[in-house]
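Residue numbers (this note's numbering), protein chains in the order written: chain W, 1 to 323; chain G, 1 to 439.
The hints are simulated quantities; they were obtained by calculation from the structure and are not laboratory data. Idealized CB from N, CA, C, for every residue including glycine. Mixed in with the good hints there might be a few duds.
Not close to chain G: a few residues of chain W, all C-beta gaps over 12 Å, as computed [as the list claims (entries may be wrong)]:
1) Y60
2) A62
3) D99
4) L140
5) R141
6) S175
7) A178
8) R179
9) S180
10) A205
11) R230
12) E245
13) S248
14) R275
15) M284
Over the 12 Å line for every Cβ pair with chain G, so calculated as not near, a few chain W residues [said to hold, decoys possible]:
16) D138
17) R176
18) P263
Derived, one-sided and incomplete: chain G residues facing chain W with beta-carbon distance under 10 Å [to be verified]:
19) F40
20) E44
21) N121
22) G124
23) E201
24) W203
25) L208
26) G209
27) Q328
28) Q393
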Amino acid sequence: MNLPPPIHALEKKHLLSISDLSVPEIEGIFQTAESFLDLSSRSVRKVPSLRGRIIVNLFYEASTRTRTSFEIAGKRLSADVINITTTQSSVVKGESLLDTVRTIEALGADGIVIRHSSSGVPQWISSQVNCHVINAGDGLREHPTQALLDLFTIQKRKKRLSGLTVAIVGDVLHSRVARSNIAAMQMMGMKVRVVGPPTLIPREAKQWGIDVFHSLRDGLEQVDVIMLLRLQLERQASGFIPSIEEYSRLFGLSPEKLSWAAPDAIVLHPGPVNRGIEIQGEEMFSERSAVLDQVHHGVAVRMAILYLLMAGGRPEEENRAPA
Amino acid sequence: MHQREQRGSFLLRNVRMFDPVQKVDQTGDILVMDGRVRAFGVVEELPPSVPVIEGNRGLLVPGFVDVHAHFREPGFEYKETIETGSRAAVSGGFTSVCVMANTNPVNDHPGVTREMIRKANEVGLCRIFPIGAVSIGLKGETLSEMVSLSEAGCVAFSDDGLPVRTAKLMRRALEYSIMTGLPVIDHCEDRDLSDGGVMNEGWVSTTLGLKGIPNASEDVVIARDIEVLRLTGGHLHIAHLSTEGGVRLVRQAKKDGLPVTAETCPHYFSLTDECVRHHHTNAKMNPPLRQEADRKAVIEGLADGTIDMIATDHAPHASHEKEREFDQAPFGIIGLETAFSLGYGLVERGDLSLERLICLMSNNPAHHFSLPVGEIRVGGLADFALLDLSRRQTVQNDFFRSKSRNSPFLGSVIGGEVQKTFMDGRLVFDRMQDKEVER
């Protein structure tokens with residue numbers, strides 16, 4: 001299989017935020033991801049594009065799917081992938097983030113995939129190191145690769161993005177997934193609404209140019225895509241909602257509530273799902289759920305991002321997408 | 001202890017002496033003998049052996065008075081000491097600085113107060129007036145011994161860094177402080193409402209994904225304190241006013257005749273929360289940089305007399321503390337070196353008169369805190385700043401004398417420069433020599 005070279009290599013060093021990208025760049029990522037998607041169905045699932053490159057997954061927050069997804073993506077590109085999580089590093093000895101990052105760079109890392117609970121950390125460290133920095137989620141701010149894989153999934157299902165209406169449901173206030181998705185969806189011509197209790201929607205949300213709903217029934221009317229957000233269970237303890245039960249009754253998606261949306265509406269969730277809270281009876285609408293597609297596409301989209309950011313400047317034959 | 005020469009004498013020639021309260025605005029010479037003004041205007045007498053200093057037609061104003069600074073000593077000398085803080089002060093034209101009580105140990109005991117004053121005298125660059133804690137250990141529980149602190153030299157009381165924790169404690173503090181005649185200063189913040197916020201709550205915090213501190217967090221405690229003051233009397237002083245609502249509340253309280261005064265800081269009339277996007281943790285302080293409507297309201301409050309004085313909230317932090325994750329970094333910026341120029345920016349833009357600015361930085365803080373400084377009059381203490389309003393400079397690292405560099409104004413071009421600073425009749429800072437004068 002021969003692929004045309006990607007139309008848009010990413011002429012940038014880092015992926016920190018959706019707003020770093022242009023529409024053609026996002027389309028270029030999707031095109032490249034599409035080519036990588038076939039890889040998982042082949043007997044040899046690797047390409048040599050990043051052979052000899054070192055990618056460090058530096059995760060200061062618990063994560064299973066994002067870290068594993070990045071790890072598989074790096075390995076399929078033949079990079080050496082090293083995982084550092086806070087519990088097994090010198091971080092527990094009190095090393096500062098800046099020292100940790102500089103040490104990792106000095107050890108020879110070509111790229112750092114970072115997740116951190118403090119907003120703005122990827123932007124900050126990208127100004128402090130020379131290697132590539134890829135944001136795998138920072139605080140409440142951004143999760144750009146999640147947004148890209150979400151959009152890729154929507155595009156695969158709906159065959160288009162522009163003109164679709166999406167409802168993002170749940171804890172928008174604390175969601176980096178929502179922030180990145182709102183930005184990316186608007187760039188791609190989608191109409192975005194958010195649905196949730198006023199305590200979990202930023203007071204300024206309308207400044208994003210989106211519609212705000214506090215009723216799930218109103219919020220789902222006519223939507224093509226429902227994106228459910230994970231409800232962190234500690235939100236109840238900190239007083240944002242009176243009870244998980246009431247939240248679930250008002251904003252959890254069930255087969256019946258799904259019927260309020262457009263008849264062919266699809267359902268996304270960035271995972272991990274709180275079964276029975278954000279979604280009840282998913283088995284009843286499994287054909288409408290794209291949750292596992294998201295996971296599957298995540299690897300291809302992250303491969304595309306690593307490839308487009310890091311494979312540049314390599315010899316021509318190595319620099320090619322899977323052949 | 002090395003005892004410095006306490007009171008100096010000099011003849012300063014060719015300056016424009018400017019004191020809006022004493023209604024002084026004249027060009028001429030000023031003679032200082034033993035730390036006090038002997039004569040000014042046309043000075044005929046020149047006692048032998050009195051040094052003559054050329055003023056180059058600079059503007060001579062009463063030395064600035066900062067009622068809100070953190071000099072970190074004792075306990076946090078790696079951030080600042082009384083000596084480095086004093087150097088920062090005099091290079092910014094400040095000759096009197098009130099230092100906050102959140103040291104370690106906390107200044108909740110006369111022994112700590114006396115040690116601060118002893119150290120300040122030893123340094124001998126500017127006058128240091130300690131502020132005592134409202135509550136023991138800043139814990140918000142037990143009142144400190146206000147009368148003893150006052151006798152030891154404290155000029156006000158504050159739990160700054162933290163708000164006075166409860167309305168009940170504020171009531172007791174205002175009542176008890178009546179015996180001292182000193183102000184009770186509050187850092188007005190409902191910390192429950194702030195809920196771990198790290199910057200102003202608004203559009204910028206929403207887009208940056210940073211937890212916000214709403215204006216209401218400040219306003220509700222200002223309202224609380226004002227209502228308690230209505231009950232008790234005493235002297236309430238609102239620290240670092242930053243919100244439109246706060247300005248409105250203080251304006252109304254003054255209209256009601258309540259004994260309340262208020263300060264704001266240069267960053268609240270110079271910057272907004274947009275600054276957080278670019279300046280990272282050097283734009284992090286508490287209260288946080290607010291929005292444009294707040295900035296404008298603060299300027300209005302300065303102009304119409306609602307806000308009585310400009311303080312710096314000079315809060316040094318070491319680079320290893322500030323160079324980290326935004327939400328993990330400590331609140332606070334330094335401010336002594338840049339305060340006058342930022343205030344002068346308001347004069348240049350037509351928001352304030354020069355008279356009003358000097359009142360806000362010298363006369364008013366001295367008056368409201370009953371400090372024996374802040375004026376140019378015969379017989380008065382010879383604390384002055386000599387300014388060149390025509391100079392502009394770029395703020396660079398070497399502009400600062402503080403031990404720390406946590407300023408959002410690094411890289412900014414600011415106007416109006418402090419040329420010389422005199423305290424107690426001694427030249428304590430001279431920019432011409434680009435170093436502090438031998439003491």
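Hints and how they fare:
{"no.": "1", "hint": "Y60", "result": "9 Å, violated"}
{"no.": "2", "hint": "A62", "result": "17 Å, holds"}
{"no.": "3", "hint": "D99", "result": "10 Å, violated"}
{"no.": "4", "hint": "L140", "result": "4 Å, violated"}
{"no.": "5", "hint": "R141", "result": "3 Å, violated"}
{"no.": "6", "hint": "S175", "result": "9 Å, violated"}
{"no.": "7", "hint": "A178", "result": "10 Å, violated"}
{"no.": "8", "hint": "R179", "result": "6 Å, violated"}
{"no.": "9", "hint": "S180", "result": "10 Å, violated"}
{"no.": "10", "hint": "A205", "result": "7 Å, violated"}
{"no.": "11", "hint": "R230", "result": "16 Å, holds"}
{"no.": "12", "hint": "E245", "result": "24 Å, holds"}
{"no.": "13", "hint": "S248", "result": "24 Å, holds"}
{"no.": "14", "hint": "R275", "result": "27 Å, holds"}
{"no.": "15", "hint": "M284", "result": "35 Å, holds"}
{"no.": "16", "hint": "D138", "result": "7 Å, violated"}
{"no.": "17", "hint": "R176", "result": "6 Å, violated"}
{"no.": "18", "hint": "P263", "result": "34 Å, holds"}
{"no.": "19", "hint": "F40", "result": "53 Å, violated"}
{"no.": "20", "hint": "E44", "result": "62 Å, violated"}
{"no.": "21", "hint": "N121", "result": "38 Å, violated"}
{"no.": "22", "hint": "G124", "result": "38 Å, violated"}
{"no.": "23", "hint": "E201", "result": "7 Å, holds"}
{"no.": "24", "hint": "W203", "result": "5 Å, holds"}
{"no.": "25", "hint": "L208", "result": "6 Å, holds"}
{"no.": "26", "hint": "G209", "result": "3 Å, holds"}
{"no.": "27", "hint": "Q328", "result": "6 Å, holds"}
{"no.": "28", "hint": "Q393", "result": "26 Å, violated"}
Of the numbered hints given earlier, the model fails hints 1, 3, 4, 5, 6, 7, 8, 9, 10, 16, 17, 19, 20, 21, 22, 28; all others are met.
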